[in-house]
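**Student:** Here are the chains, one letter per residue:
Number of protein chains: 4
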Amino acid sequence: MLPSGDVTESHFLEVLDLLSPGDIIVEGANSNFHDSLRRHAHVREKGIRMLDAGVSGGLVGAEEGYAIMVGGDKDTFAFCTPLFEALACNGGYNLVGPGGAGHYVKMVHNAIEYGMMQAIAEGYDLLANGTFKDLDLPTITKLWNHGTIIQSFLLRMAGQALDKSPSLEYLKPFVEDSGEGRWAATEAMEHRIPFVVNTYALHARYISRDKNSLAFRMLAAMRNEFGGHA
Amino acid sequence: MLPSGDVTESHFLEVLDLLSPGDIIVEGANSNFHDSLRRHAHVREKGIRMLDAGVSGGLVGAEEGYAIMVGGDKDTFAFCTPLFEALACNGGYNLVGPGGAGHYVKMVHNAIEYGMMQAIAEGYDLLANGTFKDLDLPTITKLWNHGTIIQSFLLRMAGQALDKSPSLEYLKPFVEDSGEGRWAATEAMEHRIPFVVNTYALHARYISRDKNSLAFRMLAAMRNEFGGHA
Amino acid sequence: MLPSGDVTESHFLEVLDLLSPGDIIVEGANSNFHDSLRRHAHVREKGIRMLDAGVSGGLVGAEEGYAIMVGGDKDTFAFCTPLFEALACNGGYNLVGPGGAGHYVKMVHNAIEYGMMQAIAEGYDLLANGTFKDLDLPTITKLWNHGTIIQSFLLRMAGQALDKSPSLEYLKPFVEDSGEGRWAATEAMEHRIPFVVNTYALHARYISRDKNSLAFRMLAAMRNEFGGHA
Amino acid sequence: MLPSGDVTESHFLEVLDLLSPGDIIVEGANSNFHDSLRRHAHVREKGIRMLDAGVSGGLVGAEEGYAIMVGGDKDTFAFCTPLFEALACNGGYNLVGPGGAGHYVKMVHNAIEYGMMQAIAEGYDLLANGTFKDLDLPTITKLWNHGTIIQSFLLRMAGQALDKSPSLEYLKPFVEDSGEGRWAATEAMEHRIPFVVNTYALHARYISRDKNSLAFRMLAAMRNEFGGHA
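Chains as they are written, first to last, in my numbering: chain A, 1 to 230; chain B, 1001 to 1230; chain C, 2001 to 2230; chain D, 3001 to 3230.
In short, the hints are calculated from the structure, not lab data. Treat the hints with care, since some could be wrong.
[To be verified] Simulated pairs of lysine to aspartate or glutamate, DMTMM-like, Cα-Cα distance not exceeding 25 angstroms:
| no. | chain 1 | residue 1 | chain 2 | residue 2 |
| --- | --- | --- | --- | --- |
| 1 | C | Lys-2172 | B | Glu-1176 |
| 2 | D | Lys-3172 | A | Asp-73 |
| 3 | D | Lys-3074 | C | Asp-2163 |
| 4 | B | Lys-1164 | C | Glu-2176 |
| 5 | A | Lys-133 | D | Asp-3177 |
| 6 | A | Lys-74 | B | Asp-1210 |
| 7 | D | Lys-3172 | B | Glu-1190 |
| 8 | C | Lys-2211 | B | Asp-1134 |
| 9 | C | Lys-2133 | B | Glu-1085 |
| 10 | C | Lys-2074 | D | Asp-3136 |
| 11 | A | Lys-142 | B | Glu-1085 |
| 12 | D | Lys-3211 | A | Glu-9 |
| 13 | C | Lys-2133 | D | Asp-3035 |
| 14 | B | Lys-1074 | B | Glu-1085 |
| 15 | C | Lys-2046 | C | Asp-2073 |
| 16 | B | Lys-1172 | C | Asp-2134 |
| 17 | D | Lys-3046 | D | Asp-3073 |
| 18 | B | Lys-1074 | B | Glu-1045 |
| 19 | B | Lys-1211 | C | Asp-2073 |
| 20 | C | Lys-2142 | D | Glu-3169 |
| 21 | B | Lys-1133 | A | Asp-73 |
| 22 | A | Lys-211 | D | Glu-3169 |
| 23 | D | Lys-3164 | D | Glu-3045 |
| 24 | C | Lys-2164 | C | Glu-2190 |
| 25 | D | Lys-3074 | C | Asp-2136 |
| 26 | C | Lys-2133 | B | Glu-1045 |
| 27 | A | Lys-46 | A | Glu-9 |
| 28 | B | Lys-1211 | C | Asp-2210 |
With the hints as constraints, model all of the structure from the sequences given.
**Tutor:** Pasting the structure below:
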């Protein structure tokens, strides 16, 4: 699997030259679904078949098997199931819709991931810095992963990190993002779909990376001007 | 376990009259942690011991065992472990901090729950109403619960609901809330802790219940006045 | 001035055919600035000069004069000042940057407008529905427009609307949007700029228009499943 | 006028001792309206009359006259108008409701102020850091204050600040808040009123002041754990 964007595009075009009608190409680069739709149309003209496969799971997936969200037609998917069976965890692959839908569903997955992560991260801030100052975060996290409403893979990841350092002091307050959250937020606006927390989760990461925010300075500036606040 | 608030308060006072020094009271009403702190102080004066126990799990917890977050001192907790062992799921109880911390940690849990639910709900809106109109939501949900980053108890609940009705047409777009999300949002402000998505998730529920929003009408009114928009 | 989009594009191309090198075209359709940038490049090849002019003011502007934000080069702007002088209110036009900047600055203006409107609208909800139930909103609005920090054209519009109906009962809680808020939110994400309230103000309008929100139904569905909430 | 809180409370009690039935006390400390309601009840028992007066205007108000939002009964207000006439700008005072309403309306005013400021501040970030890098912010601000929909006192303040330094480089990205935004956000939740941007504007200031955010570090931590992101 390649990173989405130019690398995938050039490989896609190279590979396409080598294929004959009836051949199958599986595009698993977590591409923008608009690119996948375009590629599906492109290969269809040449009689080549294609599946787009959104892949989730990260490092854990590499060990325990991935989740694979596949877009395309049923016959092509059926033909390729041995491939997905080999890569995916148990129960972790399926055809989720027509061409493009694989990457679309993966994109939505990532947007939800951003929102859930933000919900969890804010919760830990309140655990650590509210009325109680010395709560045992690793213990709480382990408990939360047994029988609570919020038990989740992401809390398991939070627990792994807290086991290394209960105060996460080895980390900078600086959060990267991949493109998928932005694609999802853009798609939501294209279709006038309210998408508030998953969009904010993206903006929160932008905030984390802008250590000399003009917006914050402008807020301070306006306060200065009308209130003489130092 | 009783609902938090007046019912719990009156029972608490009744029970307190019957107890002798050294007795133990376990307050498991998912109370506001400020009430728990006050009750801990109250019983301490009388030499009575107390644990506050935040309980999560809902209907599933009733079958599979609850998660119980306990606040209090170590000896009292140790003495009561058989009780928690009987009620909790495997690994699903622990002492999370001093008196009051049980309900505090449960409160934060619920705030995270609100944020995660909002992240998931918005994602389904994008799945159903974006570029693709006929994605198979139950199938996608099952897949998402195998090997993805967002696999979680809440997605399992989403899957149960979608299995009953893939379009959720039997439900009204009207969402209740219990007090804990509000307590958490208030606590965050008291301590100047950014708490954006978990607070918004609460406000989203308020929006869902206000079908003749004055705010929306005021927006329409201002547009009318400056733009002549009908 | 034409509405942005296809109508403007076809007129632009028609007019372009009639122009000779050195002629000037003023594009005042509140177009997407990407379209303006493209048109500037297009006319430049033909030796034709162009200004893009973002126009604000609505119905009041039609009476009192518009505000006009102009993008282009200094000479062309200087040549056209009599035109802007005739249309704009006193002090209400200027060159704000190179080609495309006129519509860019207008786009940002509209995004701020959305955010300010949302701030005001929420405030009126709190005035009307909080602890006090019978506050005199028209009187308060008039007062707020004399000497307060929030005095503004938009509050003047709010006052006009409230003078017609203090409860705004003649309006539906349904808010339209033009494209500019969405363009601004998209541009912010392209440049990784946090743009939270101005983006939310757009999503709030989407929420106002979706009376059977799947997201809200999904929230209710998850609550049902884990809590048995009716 | 005193700062709200303990100082006002102790002065209030001192002054109260010196007053006789029929005397009037004007409480102008921008107090929490709950305190004002309590004080109104307190003085009423003693036959003393009271007005609560929320004051806006800051440094500019000190020169041009304040806006004063008064809560209390009509007769007491009528008796005190010469006082308000002397302090307020032209048109800048009125009775806005019963006892407590003065500070309530001032509190809502401040919440709107926070939201409007955030809308403006984000807009400037997009002006400065988007596709165009060298826009002349002071010029744009002056133009925006002539004839646009967003012309406002706050933009005038933004313009004053930008005239001192077009890049606001003399300011730290660190924004204080007074209590009123928090009181308003709390009041909104008490009454289940959606209050999204005005609440977020408060949280944004908290974010600006937390330079080693645990929430951001937790986001980075979870990314590390599931993705091996450095």
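**Student:** A separate judgement is required for each hint: does it hold in the structure or not?
**Tutor:** Hint-by-hint comparison with the structure:
1. Straight-line distance between C-alpha atoms of Lys-2172 (chain C) and Glu-1176 (chain B) comes to about 23 angstroms, which keeps the hinted pair within the 25 angstroms bound.
2. Under the criterion of a C-alpha separation no larger than 25 angstroms, the hint pairing Lys-3172 (chain D) with Asp-73 (chain A) is inconsistent with the structure, at around 56 angstroms.
3. Distance restraint check for Lys-3074 (chain D) and Asp-2163 (chain C): the Cα-Cα separation of roughly 22 angstroms lies within the 25 angstroms cut-off, and the hinted pair is therefore satisfied.
4. Proposed proximity of Lys-1164 (chain B) and Glu-2176 (chain C) is contradicted: the alpha carbons are some 34 angstroms apart, above 25 angstroms.
5. With a CA separation close to 23 angstroms, the supplied pair Lys-133 (chain A) and Asp-3177 (chain D) stays within the 25 angstroms bound.
6. Restraint check for Lys-74 (chain A) and Asp-1210 (chain B): the C-alpha separation of about 44 angstroms exceeds 25 angstroms, so the hint is violated.
7. Proposed proximity of Lys-3172 (chain D) and Glu-1190 (chain B) is supported: the alpha carbons are some 24 angstroms apart, at most 25 angstroms.
8. A distance of roughly 20 angstroms separates the Cα atoms of Lys-2211 (chain C) and Asp-1134 (chain B); the hinted pair therefore holds under the 25 angstroms criterion.
9. Restraint check for Lys-2133 (chain C) and Glu-1085 (chain B): the C-alpha separation of about 50 angstroms exceeds 25 angstroms, so the hint is violated.
10. Our distance criterion of 25 angstroms between C-alpha atoms is met by Lys-2074 (chain C) and Asp-3136 (chain D), whose separation comes to about 14 angstroms.
11. Proximity of Lys-142 (chain A) to Glu-1085 (chain B) is assessed by CA-CA distance (about 16 angstroms); at most 25 angstroms being required, the pair is judged to hold.
12. For the suggested pair Lys-3211 (chain D) and Glu-9 (chain A), the alpha carbons sit about 40 angstroms apart, so the restraint of at most 25 angstroms is broken.
13. Among the hinted pairs, Lys-2133 (chain C) with Asp-3035 (chain D) is consistent with the structure: their alpha-carbon atoms are about 19 angstroms apart, no more than 25 angstroms.
14. For the hint pairing Lys-1074 (chain B) with Glu-1085 (chain B), the CA-to-CA distance comes to about 16 angstroms; that is within 25 angstroms, so the pair holds.
15. Straight-line distance between C-alpha atoms of Lys-2046 (chain C) and Asp-2073 (chain C) comes to about 16 angstroms, which keeps the hinted pair within the 25 angstroms bound.
16. Pair hint Lys-1172 (chain B) plus Asp-2134 (chain C) does not hold up; C-alpha atoms about 31 angstroms apart against a cutoff of 25 angstroms.
17. Distance hint between Lys-3046 (chain D) and Asp-3073 (chain D) is fulfilled; the C-alpha atoms sit about 16 angstroms from each other, no more than 25 angstroms.
18. Taking the CA atoms of Lys-1074 (chain B) and Glu-1045 (chain B), the gap is near 19 angstroms; set against the 25 angstroms cutoff, the hint holds.
19. As the CA atoms of Lys-1211 (chain B) and Asp-2073 (chain C) are separated by approximately 50 angstroms, the hinted pair breaks the 25 angstroms bound.
20. Restraint check: the Cα-Cα separation between Lys-2142 (chain C) and Glu-3169 (chain D) comes to about 37 angstroms, which exceeds 25 angstroms; the hinted pair is violated.
21. Of the pairs offered as hints, the one joining Lys-1133 (chain B) and Asp-73 (chain A) holds, with about 16 angstroms between alpha carbons and a cut-off of 25 angstroms not exceeded.
22. Between Lys-211 (chain A) and Glu-3169 (chain D), the direct Cα distance comes to roughly 13 angstroms. Compliance with the 25 angstroms bound is thereby established for this hinted pair.
23. About 53 angstroms separates the Cα atoms of Lys-3164 (chain D) and Glu-3045 (chain D), which puts this hinted pair outside 25 angstroms; it is violated.
24. Taken as a hint, the Lys-2164 (chain C) and Glu-2190 (chain C) pair is broken in the structure, with Cα atoms around 42 angstroms apart against an allowance of 25 angstroms.
25. This hinted pair checks out: Lys-3074 (chain D) and Asp-2136 (chain C) have alpha carbons roughly 14 angstroms apart, not beyond 25 angstroms.
26. Restraint check for Lys-2133 (chain C) and Glu-1045 (chain B): the C-alpha separation of about 43 angstroms exceeds 25 angstroms, so the hint is violated.
27. Between Lys-46 (chain A) and Glu-9 (chain A) the alpha-carbon distance is near 17 angstroms, which keeps this suggested pair within the 25 angstroms criterion.
28. Only pairs whose Cα atoms come within 25 angstroms are accepted, and Lys-1211 (chain B) paired with Asp-2210 (chain C) is accepted, the gap being roughly 11 angstroms.
Going through the hint list in order, the structure does not satisfy hints 2, 4, 6, 9, 12, 16, 19, 20, 23, 24 and 26.
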